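**Q** With chain A's structure known, arrange chain B on it following the hints.
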Amino acid sequence: GAGVSQSPRYKVAKRGQDVALRCDPISGHVSLFWYQQALGQGPEFLTYFQNEAQLDKSGLPSDRFFAERPEGSVSTLKIQRTQQEDSAVYLCASSQSRTGGGQPQHFGDGTRLSIL
Amino acid sequence: AQSVAQPEDQVNVAEGNPLTVKCTYSVSGNPYLFWYVQYPNRGLQFLLKYITGDNLVKGSYGFEAEFNKSQTSFHLKKPSALVSDSALYFCAVRALIKAAGNKLTFGGGTRVLVKP
Numbered sequence: 001g002a003g004v005s006q007s008p009r010y011k012v013a014k015r016g017q018d019v020a021l022r023c024d025p026i027s028g029h030v031s032l033f034w035y036q037q038a039l040g041q042g043p044e045f046l047t048y049f050q051n052e053a054q055l056d057k058s059g060l061p062s063d064r065f066f067a068e069r070p071e072g073s074v075s076t077l078k079i080q081r082t083q084q085e086d087s088a089v090y091l092c093a094s095s096q097s098r099t100g101g102g103q104p105q106h107f108g109d110g111t112r113l114s115i116l
Numbered sequence: 001a002q003s004v005a006q007p008e009d010q011v012n013v014a015e016g017n018p019l020t021v022k023c024t025y026s027v028s029g030n031p032y033l034f035w036y037v038q039y040p041n042r043g044l045q046f047l048l049k050y051i052t053g054d055n056l057v058k059g060s061y062g063f064e065a066e067f068n069k070s071q072t073s074f075h076l077k078k079p080s081a082l083v084s085d086s087a088l089y090f091c092a093v094r095a096l097i098k099a100a101g102n103k104l105t106f107g108g109g110t111r112v113l114v115k116p
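Just so you know, the sequences run in chain order A and B.
Counting in my numbering, the first sequence tops out at residue 116, every number present.
Counting in my numbering, the second sequence tops out at residue 116, every number present.
FYI, nobody ran anything at the bench for these hints, they're computed from the structure.
Please note: incorrect hints may appear among the correct ones.
With a straight-line Cα cutoff of 25 Å, these simulated SDA-like cross-link-like pairs (lysine to any residue) come out [stated by the list, open to error]:
id : chain 1 : residue 1 : chain 2 : residue 2
1  : A       : K57       : B       : S26
2  : B       : K22       : A       : H29
3  : B       : K49       : A       : H29
4  : A       : K78       : A       : A88
5  : B       : K58       : A       : G3
6  : B       : K49       : A       : I26
7  : B       : K22       : A       : E44
These numbers were taken from a predicted model, which means no experiment stands behind them.
The following block holds chain A by itself, in its conformation from the complex (with noise of 0.2 Å):
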């Protein structure tokens, strides 16, 4: 596709539900980050992928919270026994780059995660 797609756009769960969250990144991309967004803040870093290869996982908050990319195309953000801190705007990113280096990261839309 054009740009990174993520899905769902919005997603609404109670507490203590497992929640799978996807990712289909710019075609050809080699690297593939995920974020988290709290309400008013700035992303921060959760995790990062090299093709199939996740790389740094320094960023997850808990063992509750999981990531792969078995293919190395999309990938899913899966967070088991969801607690209300888990509410936030999870953002995919894409880079051309194998390094990282210079390339810019591009974005999806990201998906809302409200925990009730």
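**A** Here is chain B on its own, set in the frame of chain A:
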């Protein structure tokens, strides 16, 4: 650790006047610096980047930014603001050292309001 500070939560400017959004950063080694803009319920849109070379960088929609190494700043500027420039602006940094990984670290954002 790398960090970004955007000291102004909001900047108000009259249409046609110059616009400046401030950003300072802290990284180990040389930085890659980026500016993004976010409209309501949308993802981040890339405006411009500094990698190396000329300290004055020109980007999309008439925006430019000046890299100042001694002041560790990367202020965003536009000579003549438009009402349509009203949005949330984020400065981001990535260190060039391998240990930092490929993640971007964002500032907290500055809301720009351009009044007719």
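**Q** Hint by hint, say whether it matches the structure.
**A** Going down the list of hints, with the structure as the test:
1. A:K57 - B:S26: holds, 22 Å
2. B:K22 - A:H29: violated, 31 Å
3. B:K49 - A:H29: Within the cut-off at roughly 19 Å; holds.
4. A:K78 - A:A88: Holds, at roughly 14 Å.
5. B:K58 - A:G3: holds, 23 Å
6. B:K49 - A:I26: holds, 20 Å
7. B:K22 - A:E44: holds, 20 Å
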